[in-house]
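Novice: Chain by chain, the residues run as shown.
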Amino acid sequence: MLHILLRRALPVALAPATALLLIAAAPAQAAQTVTIGNFTFGPEALTVKAGTTVTWINGDDVPHTIVAVDKSFRSRVIDTDERFAFTFTKPGAYAYFCSIHPHMTGKIVVTP
Amino acid sequence: MGPETHRRRFLECMAWAGTGLAWTVSGGVAGSTLLGAAEAEAAPKGVTPFTFVQVSDSHIGFNKDPNPDARVTFRESVAQIQAMPQKPAFILHTGDVSQLSRPDQFDDADQILKEAGVPVFHVPGEHDMLDDGQGQAFLDRYGKGALGDGWMSFDHSGVHFVGLVNVKQLQAGGMGHLGEAQLAWLKDDLAGRSASTPIVVFTHIPLWTIYADWGWGTDDSAQALSLLRRFGSVTVLNGHIHQVIQKVEGNVAFHTARSTAFPQPAPGQGPAPGPLKVPAGQLRETLGVRQVSVVRGAHPLAVVDRALAS
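For the protein sequence lines, the chains are A and B, in the order given. Quick note on our numbering: the first sequence kicks off at 27 and runs consecutively. Quick note on our numbering: the second sequence kicks off at 6 and runs consecutively.
Since the hints were derived computationally from the structure, they do not count as laboratory data. C-beta atoms are modelled at their ideal positions from N, C-alpha and C, and glycine is treated no differently. Hints are all accurate, no fakes.
In the DSS-like style, the derived pairs of lysine-lysine whose C-alpha atoms are separated by at most 30 Å in a straight line are:
id	chain 1	residue 1	chain 2	residue 2
1	B	119	B	69
2	B	173	A	97
3	A	133	B	173
4	B	119	B	92
5	A	133	A	97
6	B	192	B	173
Okay, the calculated beta carbon distance ranges per label pair:
id	chain 1	residue 1	chain 2	residue 2	range
7	B	189	A	121	26 to 36 Å
8	B	119	A	77	49 to 59 Å
9	A	107	B	74	13 to 23 Å
10	B	276	A	138	30 to 40 Å
My request is simple: use the sequences and hints to build the entire structure.
Specialist: Below, the structure written as structure tokens:
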């Protein structure tokens, strides 16, 4: 009887904590998305505030990679529907490309 | 001999053969203006007849439209090689062995290719550079006896073969790239060789620019071609664009090969160079292998592209 009670109680007990975490995270951390389709990054240039996590989602039926020209970040291979996320902490302009299809280029501009 | 005569010499033997296009290219020094006609007609010393096969872009691990399992069509391609009346001396695999550089994908490819029962020489494609070591897994597996990033040369029955790597450390906005170290090696490798030695270059990305917007070319290929130009017969075999396109420039014949996995669109046709979605019944007409014959006397290199189905 006890273990059944515990199992029921567990999600209830966890729920408020999860909600708290989400609330705490929301204002400080913006999220932005770059979608890959037809061998292009959309948008090709994206401006975000420092601290933003950018997530690339591969919507193509071929694999791609995200590689910074200045080597500050580099994804592993991202296959169809897979994603890669990177949090930009320092302001600046970050040019990147796909190392498999280097004619695919994009840019993230990070503002303070 | 004017340029027009050169062109006719190279193109006169073009003919359909079987399920593929046979494009016969003169060997020796037929096009050289520095040598007399008698020398031009002489067979290069030490060239004895043999055949070899080029396979390309097997993309083992690919499982999407239009090919649910690239292993199946690769197996059929190897069966096609086994069925050839003349057993090839060896196979050149011009890259993109795997879809994602995963060990199981390389394992599957090796298992299937082993059935051909002849030696295989590999140069990598950009899909073979996707392990954490950025190509180290490929080099560990296929690079025995190769130099640098995997480039190599060897001689077979009087023909000099050069394998080049143009998929390593590609730059943003660029195309294929050979790099200074490899070009310096190529210069040394070719120095001192007779101009009548037939040369076969094999690499992944085309060595001439087919379509820059899709990266279908090699940034520094002009430097490699300038080293090759003095030879009477140069045959460049590559993959990457999953379709047969041929071009003759002076004594250099360029041949891009079909994939064994999926076709790609003609240059610039459509928004992107992704897999071309063809109906299942037509897939095998777009895939296949390439047989190259080196013949004594008339000394041509006969390049025949054979589709899996016609």
